[in-house]
Structures are given as structure tokens and as C-alpha cells.
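> What follows is each chain in one-letter form.
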Amino acid sequence: GESVGLHLPTLSVQEGDNSIINCAYSNSASDYFIWYKQESGKGPQFIIDIRSNMDKRQGQRVTVLLNKTVKHLSLQIAATQPGDSAVYFCAEIIANFGNEKLTFGTGTRLTIIP
Amino acid sequence: EAQVTQNPRYLITVTGKKLTVTCSQNMNHEYMSWYRQDPGLGLRQIYYSMNVEVTDKGDVPEGYKVSRKEKRNFPLILESPSPNQTSLYFCASGALHRESYNEQFFGPGTRLTVL
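Residue numbers (our numbering), protein chains in the order written: chain A, 1 to 114; chain B, 1 to 115.
Incorrect hints may have been included.
As a list, the in silico BS3-like pairs of lysine-lysine whose alpha-carbon atoms are at most 30 Å apart [to be verified]:
(1) B:Lys18 to A:Lys101
(2) A:Lys71 to B:Lys18
(3) B:Lys71 to A:Lys68
(4) B:Lys69 to A:Lys101
(5) A:Lys68 to B:Lys65
(6) B:Lys17 to A:Lys68
(7) A:Lys71 to B:Lys65
(8) A:Lys56 to B:Lys69
(9) A:Lys71 to A:Lys56
(10) A:Lys42 to B:Lys69
(11) A:Lys56 to B:Lys71
(12) B:Lys69 to A:Lys68
(13) A:Lys42 to B:Lys71
(14) B:Lys71 to A:Lys71
Because the hints were derived from the structure by calculation, they are not lab data.
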């Protein structure tokens with residue numbers, strides 16, 4: 001069946017370096033892709049989204065890249081800080097006649113090393 | 001403060017004893033949804049609602065019921081809980097936009113244990 005998932009379950013990065021978290025998806029019909037951040041003991045928090053007709057979108061310290069040819073999505077976090085330590089989920093949205101189905105990947109745990 | 005609230009936050013129950021987890025949002029969002037989160041499986045959607053009296057099944061609806069009688073509330077009902085429903089549950093809400101994805105706001109989670 002269709003799926004969305006992440007390449008690595010864990011990632012450790014030195015504070016101040018850039019982080020890249022990757023995600024692969026299989027459904028070409030996805031309309032949006034979204035990145036969520038989940039800190040320990042909390043619910044997921046929206047970071048950034050990208051529409052399927054775009055290939056790049058930038059936010060504050062974050063950039064999402066979408067490569068539809070290889071069905072790959074990445075989240076780049078610039079100058080990582082301790083507060084960036086969390087589990088990051090990619091998710092896809094398939095919008096169909098007003099109904100939106102959101103499917104999450106399994107997550108990557110990002111650890112920032114001081 | 002704009003928020004999604006869930007109650008209870010923690011619940012231990014026994015097999016077969018009906019329970020309800022409440023979810024409420026104060027942002028006037030049309031869209032509400034329930035997810036369960038299990039280790040290694042990420043977040044899986046149970047049910048969602050596009051508006052009052054409109055609900056649809058997500059990926060794992062078996063064993064759950066929902067209702068959307070009011071815009072702000074979206075309770076999750078387990079008529080006869082079983083141990084495989086032990087999980088961390090999240091409620092979320094979002095505003096529906098025609099031009100962009102509806103950012104979802106998540107509640108703090110409800111940790112349910114079924115013995």
C-alpha cells in the first residue's frame with residue numbers, strides 16, 4: 001500500500017551545525033507534505049508545509065525540499081540549537097473532494113550535542 | 001489562549017469497560033481528528049471530522065467511535081476497550097483553507113492503558 005516514512009530513526013548533530021532529516025513517500029497523489037516536531041511529553045507541533053507543485057519552501061531556520069522525481073522530502077534545520085532536540089515526523093495529505101487524509105511517517109529522533 | 005484540551009491525560013482501565021476521551025478546541029476549527037501513537041508506528045489516524053455531524057474513518061477506526069455534535073467537541077469512545085488499544089492518543093484540530101493545508105493543532109495527549 002501507499003506509505004510515507006523516514007530514512008533514519010535517529011540523528012545526532014553538533015549544536016550550531018545544520019541538520020537534514022529525510023523522508024520518502026510512495027503516493028504520487030499527495031497534495032501537501034508537512035513536517036511536525038514532537039518534543040518529549042507533548043503533542044506534535046506544525047513546523048512547515050509544502051504544496052506538491054513546489055520544490056522548495058523556507059521558514060525561519062528551516063527549509064523543506066521536495067523532489068517529486070524520486071519521491072523524496074527533506075527538512076533542513078540551520079544552526080541547530082538544543083531546543084531542536086525532538087522527534088520529527090513527515091506527513092502527507094491527500095485531499096479528495098473536501099476530505100483530507102493525513103498520513104504520518106514513523107519519525108526521526110534528532111539529538112543536538114552541546 | 002488558543003488550545004486543544006483532552007481529558008483525561010492518563011487512564012488505566014480494564015478490558016470491556018466503556019470509556020470516553022474528551023477533546024475540545026477553542027479556535028472555531030472545522031476540522032478535528034484523533035490519532036494514536038505507538039512505538040515504531042508513528043501517528044495513525046483513527047477518525048476525523050470535517051465539520052459538525054460529518055465524520056470519516058481514518059486508517060485504524062476499528063474499536064473506536066466518535067461524534068461531532070458541536071463544533072468545539074470531538075469525543076473518542078471506546079465501547080469495549082481491549083489491551084491492543086493501549087496507546088498514546090492525540091486529538092487535533094485545524095481550520096480548513098481552500099488555498100493551503102490546514103495546519104493542525106494537537107492536544108497534549110492521553111495515555112491509555114487497558115489491562
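> Hints first: check each against the structure and report whether it holds.
Going through the hints against the structure:
no.	hint	verdict
1	B:Lys18 to A:Lys101	holds (28 Å)
2	A:Lys71 to B:Lys18	violated (43 Å)
3	B:Lys71 to A:Lys68	violated (37 Å)
4	B:Lys69 to A:Lys101	holds (21 Å)
5	A:Lys68 to B:Lys65	violated (36 Å)
6	B:Lys17 to A:Lys68	violated (47 Å)
7	A:Lys71 to B:Lys65	violated (34 Å)
8	A:Lys56 to B:Lys69	violated (40 Å)
9	A:Lys71 to A:Lys56	holds (14 Å)
10	A:Lys42 to B:Lys69	holds (27 Å)
11	A:Lys56 to B:Lys71	violated (35 Å)
12	B:Lys69 to A:Lys68	violated (40 Å)
13	A:Lys42 to B:Lys71	holds (24 Å)
14	B:Lys71 to A:Lys71	violated (36 Å)
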